[in-house]
Every structure is written in structure tokens, then in C-alpha cells.
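What follows is each chain in one-letter form.
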Amino acid sequence: MKSKRSVILLTIVALLVALAPAAAQDEVTLVVWDNWTRDAEQAMIEQLNAEFEEANPGVTIQREAYDTSDLTDILPLALSESGGPDVAMINQGFTGMGALVEAGLLLPLDDYAAQYGWADRYAEGLHARNRFTEDGATFGEGNLYGVSNTAEVVAAYYWKSDFEELGLSIPQTFAEFEAMLQTIKDADKTPIVFGSLDGWPAIHTWGAIQHAYATLDELDAFMFRREGGTFDTESNLVSAQKMVEWIDAGYFSPGFEGMDYDNQTFGAFLNHNGVMWITGSWMTGSIIEELGEEEIGFFVIPSAIEGAPPLSIGGVGLAYGARATTEQPDLAAAYIDLVTGPRAAELLFEQGFLPAATVDPALLVEGTLTADVVEAWNTISSQNAVGHYLDWTVPDIAANIQELMAGQVSPEEFIQDVESDYQAGGM
Amino acid sequence: MKTRFFSSRLDNPPYIHPYQAYLFILPGLIIYAVFVLWPILNTARYSLYDWTGFSDPVYIGLDNYAELWNDDDFWLALQHNAFFVIFYSILPIMLGLFLTALMTRRTLRGMTLFRTGLFIPQVMSPVVVGIIWRWLFAYDGPINELLLALGLDGWVRPWLGDFTWARYAVGGVGVWVQYGLCMVLFIAGAQSINTDLYDAAAVAGANAWQEFRHVTLPGLRQQILVAFVLTFIAALRVFDLVFVLTRGGGPGKETIVTSLLIYREAFQYNRAGYGAAMALVLTVIIVTVSALVMRLQTSEEDAQ
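So the sequence lines, in the order shown, correspond to chains F and G.
The first sequence begins at 1 in the working numbering and counts up by one.
The second sequence begins at 1 in the working numbering and counts up by one.
There's no promise every hint is true.
As the list claims (entries may be wrong) - Derived, one-sided and incomplete: chain G residues facing chain F with beta-carbon distance under 7 Å:
#1 39
#2 40
#3 43
#4 45
#5 158
#6 247
#7 250
#8 267
#9 269
#10 270
These are calculated hints, taken from the structure and not from any lab test.
Beta carbons are placed, not taken as given, at the ideal position from N, Cα and C, and that holds for glycine.
Throw the hints in and build the complete structure from the sequences for me.
Laid out in C-alpha cells, this is it:
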């Protein structure tokens, strides 16, 4: 009898001891919403999450992935609920981060930034894109609401074989770039692969010309709606005229008005139905997957202003931010520190992404597309030449550019249309 | 009094108190109220606020409606919806009638196969339809290839990106999607037309057109009205097809429609109040037109 009882007792004690560490340490779940939906991306983020859980015993990451537009649509509601994500990836701009800040849904991260030294991750001019004043009204200054881990630059991918065949080299001036387009056209090839059906690629292609003629001060004033910010500038007019000129000269894919981005435009470039493709560095991984590292190169389009750095559309990707009402602000900050830090940069780079944090030069292999892309980013970020996505401030501008390209409006009317949208608040 | 053998249940129904009747419709009513009436009432309420959808709402009275009145995009979108009524409603009804006339005139071998095949576009997901047609309309796609093969080089164009033709292209897909519904409704209706009428028409020496005009068409009046209401509503609330085909209203603003603007305002630009006002106006238009058509229908029934 006695021995039986002691066995039971011992069992209970043993069970208690076994359970003790778990019970003593707080079991914490950190809910994270991100936009890593592709297989390679999932693998990368799961790896980081596993490392985070290992470094923080008792913490479980509960991760949900959405594609970017779904994420942008449903995040506001999710963040206003108590069970919503503690950490989420947030789109910048007035309708994205701005609206969330205005509604008081995001946690200011400045104290954590100081604690973890996030200022050194990348240039302050880029951090400004994740800053808003507390009322959400002023973009580019005020509190820090997010940290990004990827960077983007819109520049030109090109087929190296065509450049060799036509005796072309990377242009050093905008005039050289234009001359190159004519040379390619004369050789009976399509200079620039382009499709504008989706709208937004038109912003990048026209924006590439605009950024060649504009100064960063002009663009900053416009984007952040500062004193004197206007669309009605000489440089915008010249670039609108230039766009029309290029269309008339046949520099873009025939039938570009009806081509979508993901299948037809990307397909046209892969099938070598054109020599260059002006788009964002985010296509690097997909291009490498199809064509490898050697066939395709990447260069930033030079400025039309003499001596100016090659101002290009670009910036930092979606930012990791935290919910204002999270019960685990410290843990959320620690998570943000990991996924935007050097270890994440290494993994992102391996996946063909352009990390916002500096890539170890030892990892770069001369002559590869990846190296070209990192170099393009370093060129513009080190010379303070990172431009802007126009639709952050005037979301409807793609429709205006389509009208300009089809000759529905003159360049002058185009400027006036966008300017009046801008003055009306952008929507 | 002697009771009849067959019970009098139907001849002499037991008295049902109105409350009992309400009890029977209660389950359906609750679901309808929670998922339809309540959201509509809420939409009406939201439309009086300046509200992002997640901020503190600010009451602004009818300001959203005043802004709507002056919103050029909204009027343009309504015009496009009206344009799509031709393609979603009128053309499919005409095509449906034509096919019905063909199929009811004489029995074809493999009739069921035809009917099923012609109905398939109606049951396919609009997103799938959109993706298929985007491919068909592509610059190097089958439609342009066909035009080239026919020597019609001048007609080759980027259909969905063309300022003149994009709306017709989207409309054409609408016809393709909607005619199946009309056809099935009409065939079902035609089967309930008294065959004596056809015999009489034959005896009177009516040709195919006269038979259709004087027997089939009058017999299908109810079905045509139903088809009109259904397709008209579809034309006014079209969203998915445009969203996929022209990626949200392009080129320029050539294919923007009201529901696309509602989505854009409410979910992309965070103006839930303004989007709600737009949605309510669209609802009022749909309800008004449907009510008018239904009234036409009932007054005809009374006349008969």
C-alpha cells in the first residue's frame, strides 16, 4: 500500500518538475503579419523565426502571410482589434502608414531605435520614409513607425549579348542613354520592354525619365507636401514631352498599352523581345531563376543634369512596425531588430533580394546580376540620390500617364491634371 | 353533415393566426436582417461620417453626398455602368432570344450538349473569365492573330489598353458571360408555352419569324423581365471582370465603374464614409429600377 502511494506521489512530483520550466517562464505568443508568400521567401522568414524562438525561450511566433494588396486592405481593421498582429509589415505613404498613425494604431519606435542603433542600418533620408508626425498629417518627419529590411531601385535591366553585338556600354550621361535607344531602334530591335495595362508600371517608366530631369529637393517637396511642393515644374513638363517623343519614336514594346506586367511584360523581356527593361530591383530573383546570373545586367539611368548623381526611383520596402496596443512592445521591438538586422540581410541576399542594410562586399561576385543590383543601390544610396514613388502622394497618377501616352492629353494638360489632383489632396 | 372521403384539409384550411405565420418566416428573416438589412442601415449611417474605416468617425451630415454630386469620376463611372447595361443586359437578352428560337423550333441532336456548352460562361468564376479573355485580347494573342490571318492588319490593336476600344472589349466579355443565363431562362419559359398555340400558328401558315414574334415572344414576357432585372443589376454592380481585365479601370479612366470607385475609396484611400455614400446611391438606383420593372410585371399579371 505504502509503496503504491509513494509511486503515485513520485509520479506527480516528477510531472510537476517536468512541467515547471514551461510554467515558470511566461508562454508568450507574438503574432506577426508579413508579405513573404513565395516558397523561397517563406523558407527565409521561417528560418529567422526559428532563430528568434531559440534566442527567446518561451516565445512562439504565430505568423500569417498575405500578398501586399491584401495586407494593405485588411491590416487597418486587424490593428484596431485587441487580438490583432503585434508586428506587421506596413506600406508607406499617406494612405498606408499615414492613415494608421492618424488613427493611433502604430507604436512609435524611436526609443527602441536608439536602444538598438537602428539609425545606422541605412541613411536617415530613408528612415524619413517611415516617419510621420503623430497626427499622421506630415510625412517624412516626426516619429519613427517602422523599419524596413529590403531596398528597391528602379533602373534598367539589359541583355548583355545585345550590348556586345551593338557595341554599347553602360551610359554615363542621359544623352548617351537616349542615343543608345536610337542605336537599338536602328538595329530593328525594341529598345525598352514595357507594358502599361496594370497602370503602375507606367509610373515607373515615366518616373525614370522624370527622375533624370528632376532634383531631389523638388521631389521631396512634392512627396512630403512641403512648402512650395508642386507638380507644375519645368522638369516634369520636359519629361512628359520626352515620354511622348519616345513613344512616337517607337522605343517601347509594340502594343504596350495592352500588356500586363507579371506575364506579358516579364515574358517579353525573358523571351528577348527587347533589349532593356526599366523596372524595380524586386525582379532580380525571378530573372535569375529563369536566366541565371550571367545573361542580364543592371544599371542606373544617368541624370540629365550635368554633374548630378543618377537620381532614381527607389527606397526601402514595406516597413516592420508594431501595434500601438501590443502587450509585448519589448518583444516586438526585439523581433523587428532581428528581421531588419544583419542576419536577415544575409538571408535576404541569398534569396536574391536587395537588403536595406549594407551587404558584406565579400559576398558579391563580379559580373553577376546580383552584384550589379547591389552596386546600383549603393550608388544611389551613398550619393543621396534615392527618389520617390509618385503614387504615394497622387495615387491616381497612373491613369494620367496612360492618357498622356495615348495622346488623350497634351503634356501641358497632363501637368495641370496631376497638379489639380495634388492640390485637392491627391485623391 | 356527412364528411367527404377525401379530407377537407385543403378545402377548409385551419385558421392560422398571423403571429404563427410570422413565426414561420422568422428564421429566414433573422438571417436576412443580420446579413442584409443591418449592413445596409449601417452603410447609410457611415455615409454621414468622415471616417477612414478605423479612425474615430466625425459626423459631417450630407457633406459626402455634396462631394459626390461634384465628383466627375463618379458621374463618369455611372455613365460607364449605363454603357455596360447594353452589353450585360440588352445584347444578352437578344442573343438569348435568338438561341431560344433556334433551339425550340425543332429538336436538335445533342441539344443538351449545346445548352450546357452555351451556359458554361455563366457559371465560371469571373476572375477565371477575366484571365482567359485578357490572354485572348493580348497584343500577340489569338484575336489579333486571327485578324492578321484574315488580312485585317489595320484592326490589330492592344484591345484592353486602347482608349477607344477597351470599353467595348470589356463589354463584349459581359455579353459572353450573361447570355447563357438569359438563354436558360427563356428555354425553360418556352417549354411552358401551350403547344396548341404553335399548332395553331402552323395551321395559320406562320413562318418562323411570325411564329417567334406572335407566339414565343409574348409567351416569354415574364422571363424577359426577370432576365432584365438580373442582368441589369449585374451591369450596375460589375466589379470583378473590370478589375481583372483592365486592372482597375484603365486605360486612363475609360473603364472605371461605380463599384470599382467604391472599393478604391473605401479600402485603398481609407475613405469608408465617402465609399458608403457612393454605395448607397448605387443601391438606390438598383432598387428603384428593379421596383419599376417588378411593377410592370405584376400589373401585367393583373391584366391577364
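Hint by hint, here is what the structure shows:
1. 39: 15 Å, violated
2. 40: 20 Å, violated
3. 43: Result: violated, 16 Å to nearest chain F Cβ.
4. 45: 18 Å, violated
5. 158: 3 Å, holds
6. 247: Holds: closest Cβ of chain F sits about 5 Å from residue 247(G), inside 7 Å.
7. 250: 5 Å, holds
8. 267: Holds, because the Cβ-Cβ distance from residue 267(G) to chain F comes to roughly 5 Å (cut-off 7 Å).
9. 269: Nearest chain F Cβ about 5 Å off; hint holds.
10. 270: Check passed: Cβ of residue 270(G) comes within 4 Å of chain F, closer than 7 Å.
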